[in-house]
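K.L.:
Chains as they are written, first to last, in my numbering: chain Z, 1 to 369; chain S, 1 to 309; chain U, 1 to 265.
Hints listed in this document are in silico derivations from the structure and should not be mistaken for laboratory results. It is possible that some hints are incorrect.
[Stated by the list, open to error] Just the calculated beta-carbon pair ranges, DEER-fashion:
1. S/Ser91 <-> Z/Asn69: 45 to 55 Å
2. U/Pro216 <-> S/Leu48: 24 to 34 Å
3. S/Ser91 <-> U/Phe181: 36 to 46 Å
4. S/Ser91 <-> U/Ile12: 10 to 20 Å
5. S/Trp94 <-> U/Pro216: 34 to 44 Å
6. S/Leu33 <-> U/Ser39: 25 to 35 Å
7. Z/Glu124 <-> S/His202: 19 to 29 Å
8. U/Gly260 <-> S/Leu40: 47 to 57 Å
9. S/Lys176 <-> U/Ser16: 40 to 50 Å
10. Z/Asp15 <-> S/Ser91: 55 to 65 Å
11. S/Tyr298 <-> Z/Asn69: 41 to 51 Å
12. S/Asn152 <-> U/Thr128: 53 to 63 Å
[Stated by the list, open to error] Over the 10 Å line for every Cβ pair with chain S, so calculated as not near, a few chain Z residues:
13. Pro71
14. Arg75
15. Ala119
16. Glu171
17. Asp351
18. Asn358
Glycine included, every Cβ here is placed at the ideal spot set by N, Cα and C.
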Amino acid sequence: MSEIHIDHVSRHFDDNIALADVSLTIKEGEFFSLLGPSGCGKSTLLNIIAGFLEPTDGVVHISGKDVTNLPPYRRNLGMVFQNYALFPHLTVFENIAYGLKIKKMSRQEIKERVEESLALVQLEQFAGRRPHQLSGGQQQRVAIARALAVRPSVLLLDEPLSNLDAKLRKEMQFELRNIQQRVGITTILVTHDQEEALSLSDRVGILGKGRLQQVGTPLEVYRAPANQFVAEFIGQVNLFEVALSQTNQPSPAGEISYEAISHMDGNIQPLALAATQKPEFKNGQALFMLRPERIQLAFVPLDLTANYAETRLLEMSYVGNALRLKVALAKGELVIHTPDPMFAELPKPGDVLYVYWNPEDLYALEAGE
Amino acid sequence: MYTGTRKIYTLWKRASRMKKTSTKKKNQLFHWLFLLPTLLFFGVFLVLPFALLIKLSFQDVDAMLITLNTYSLSQYIEVFSSPVYLGTIWSTIWVAALTTVFCLLLAYPAAYLLVRAPSRKMRALFYILLVSPLLTSVVIRTFAWIVLLAQNGLINDSLLKLNVIQEPLSMLWNMKAVIIAYVQVMLPFAVLPIATSLSETHVNLRNASMILGANRIQTFLKVTLPLTIPGAITGAIIVFSLAAGSYITPLLVGGRMQPLLPLSIYQQVMQVFNLPLAAAMSISLLVLVFIIVGLLGYILKRWEAKMNG
Amino acid sequence: MGKKRFSLLDFIVWTSGILVYLFMILPVFVIAISAFSPSEYPEFPPKAVSLKWFTAIFTNPQWMDSLWISILLLFIVTPITVVMGTMASYALARLEFKGKGLIQAFVLSPLMIPQIVLGIALLYLFTTMGIIGTITGLVIGHMLISFPYVVRTVSVSVSNLDPRLELASMNLGATPMQTFFKVTLPLIKPGIIAGAVFAAVTSFGEISISLFVSSPSTITVPVRTFGYIEQTFDPSINAISVIFIVFSVVALLIIEKTVGLSKVM
């Protein structure tokens, strides 16, 4: 059982709280990503799991064993580092054999294991090379082979793809997922790249300001973010603040109308919202989120009373398969993503656009944190 | 902000448009003019004296040790056929090598503290402790050892007072004293390059080793030590050449009679006045140091090529 | 701070490291402190405190002569070496030619040449030239020894300098000379200051060459100290040591304040 239990773990650096009371369980065979902006505590948490840092408080269990006070070399983990950390004075073969030699395996066994690991990452012919003779992608694969050669219970990946260029990164993501599934090893990936995290992982843990903000599948964290932080961190988002003072009565269709404040600049904007969800009011305030791709465009005025606005185009970028727009409301702004529209001509800044969306696309968020 | 960027951009444009060849030539001439005084100075005061010294080393002397205008290999033959001088050469190498080894051994923990001390202030303190003796004259640093090790010196004094010993130990005027003083005088030259190497080894390399199952001692031996070899060799080169060529320290704590080549040379110049023999010994010492330094330099190059291509 | 486990290994490493630092610093520390002892032999710790031996030094005309020679030398050697060394390091950084590596090794070589050999070579040359025992001879010897320090510190500064800045300056119409003084020099100033401090300290403490090329009228402080130690030892040498130590600490402070120690070493 290579489960990982993280139980009320905190880490302070002098007066700085890098990690505050994080509890988390990572399941056997799962590909789990720790996602967050830099300084959110994700590396601190990974270093605590690896044993490079001791938690100020809390307990870490790996495979049912309390490892909180075990040094890294007694934890039987595999790790791939951001700069790969291949030993420059050793060949590829010696790098992969490093952990096996420490375990005092026989020469024959080591040879078999190294060859098997090299085959896994398709680098059989590079055994005699030194790290500096390899490309970034090849170094990356040696690092993976080296980590897996010791048959670790858990594989830790610390921003392993951030040094690669965009195209290679895509290839390596695919390969990483492939290898992980073939080996079936519990894997924790630390990254600040949300696309990487969402596309690779079974589940994602989002860290912000030293706290675990949400744990869920990629679908859950995108569609149902737990709070404003997660909503804003994963993808782009339009936020509407609504006040409690209204008498909100459900319509026959089950929709409730609100008077909203567009969140972009905080100005009051007489925008009528109709939502199917009922938000929880905190201090008389509640938040609705609207993803940019849920907004529809029209070039003629529509006869709608809610979830509709007349806007002026501010900025636009056309990226081939999609169009990204920023439009001005009477007060405030909206971000809109639409698939490559079949316009004969692209709209120009200053053009009037009419936007609308469905009541079910408004998702109620916890206000504040 | 914008105007600044704009200005730099304009400069760039102009820089790339300029006529390269003529400016380049003008610059080159300018740079050569800058180098000229140094070349002249070193030509006259480093190349010339060594040329003269080499010439002198081949000159003969008469019975009164007057330098003659005849040339032969006789001085070198005397150096390399006399068992006394051969023994001296051997012990010079041996003492310099021992000094180097001790310096390297002591340098590692010192460099470790210098690089890994938890606070900036602490690192600065170690830095000052390391560099301030380096900036104090070698006479003074050697003198300290006389004060400590002499018959009526501080160590004997304290041991006598504490009744640890009844008779003062004779710690001065032997090769041990020379090596102790050498190690103390030259240690900073070994610590600094090792500390530089150590600070350049990425923490992730040690972490990678430990996560692969190596404990801290294994990690040091298999990762940190090999990666700091360039620093250690650089330190060894400096310490060895200093230890093989110094005469002040051995003269003061070892005495004139220690079998060390620099001391023999000193004696030939200051007491025997056999200049050609002193010259031959000097050139031999110089070549010896160059061979060993060259060898270490070669190992260093090979090692670095292996690691970095 | 996290819970820190006691580690025997850490303890051993730190203890041995601290012992090494003590080994490096204690001898000098001990003689400096015992300079304040009034007794005829260096004592540690001194039983009483007196400035007797400092007075002895500062009222002794021979020591004062030597101090004067040493300071005079320092003030001649430092500026010449710094100007020449700066020009050379700058030129070597900008020029590309075959044998450049050789020239670089050559100007750094006085550090590696056995000091006794350098001393004798200069003794012989100066005797031939008739400048043995003169201040000129001492200046030349000290310049040779200080030169590598200046080249090393200035070269580091020059290599950190973006050559495109100079290109930009010349494109605005500045001559190479104007560019050097208005752009390059201000930017490599830290390296030059550090080089100057090292040159001064090296000259002030130099003995191996001075011993061969000085005469009774040009005895520097280290040479006089050497002669004195050979004959006797009383705490007046300790008092001299304090002068040297103060000098080196001042040098360190200047470097720390202007450049930062860790940057130049």
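K.L.:
Each of the hints needs a verdict: does it hold here or not?
P.N.:
Cross-check of the supplied hints:
1. Checking the proposed 45 to 55 Å range against S/Ser91 and Z/Asn69 shows it holds: the Cβ atoms sit about 53 Å from each other.
2. The hinted window of 24 to 34 Å between U/Pro216 and S/Leu48 holds, with their beta carbons roughly 27 Å apart.
3. Distance hint check for S/Ser91 and U/Phe181: the Cβ-Cβ separation is about 53 Å, which falls outside the suggested range of 36 to 46 Å.
4. Between S/Ser91 and U/Ile12, the C-beta spacing of about 34 Å breaks the proposed range 10 to 20 Å.
5. At roughly 37 Å, the beta-carbon separation of S/Trp94 and U/Pro216 lies within the given 34 to 44 Å, and the hint holds.
6. Restraint check, S/Leu33 to U/Ser39: a C-beta distance of roughly 60 Å breaks the suggested window 25 to 35 Å.
7. Taking 19 to 29 Å as the suggested C-beta distance range, the pair Z/Glu124 and S/His202 conforms, at roughly 28 Å.
8. Between U/Gly260 and S/Leu40 the CB atoms are about 34 Å apart, so this pair departs from the stated range of 47 to 57 Å.
9. Against the hinted window of 40 to 50 Å, the Cβ-Cβ separation of S/Lys176 and U/Ser16 comes to about 21 Å, which falls outside the hint.
10. At roughly 59 Å, the beta-carbon separation of Z/Asp15 and S/Ser91 lies within the given 55 to 65 Å, and the hint holds.
11. For S/Tyr298 paired with Z/Asn69, a C-beta distance near 47 Å keeps the hint of 41 to 51 Å intact.
12. Look at S/Asn152 against U/Thr128: about 45 Å separates their beta carbons, and that is not inside 53 to 63 Å.
13. Z/Pro71, annotated as away from the interface, has a beta carbon of chain S within 10 Å; the closest lies near 7 Å.
14. The beta carbon of Z/Arg75 sits about 8 Å from the closest Cβ of chain S, which is not more than 10 Å, so the claim that it is off the interface is violated.
15. The claim that Z/Ala119 lies off the interface holds: its Cβ sits roughly 20 Å from the closest Cβ of chain S, which is beyond the 10 Å cut-off.
16. Every CB of chain S is more than 10 Å from the CB of Z/Glu171 (nearest about 23 Å), matching its label as outside the interface.
17. The beta carbon of Z/Asp351 is kept farther than 10 Å from every beta carbon of chain S, the shortest such distance being approximately 28 Å.
18. Z/Asn358, annotated as away from the interface, keeps every beta carbon of chain S farther than 10 Å; the closest lies near 43 Å.
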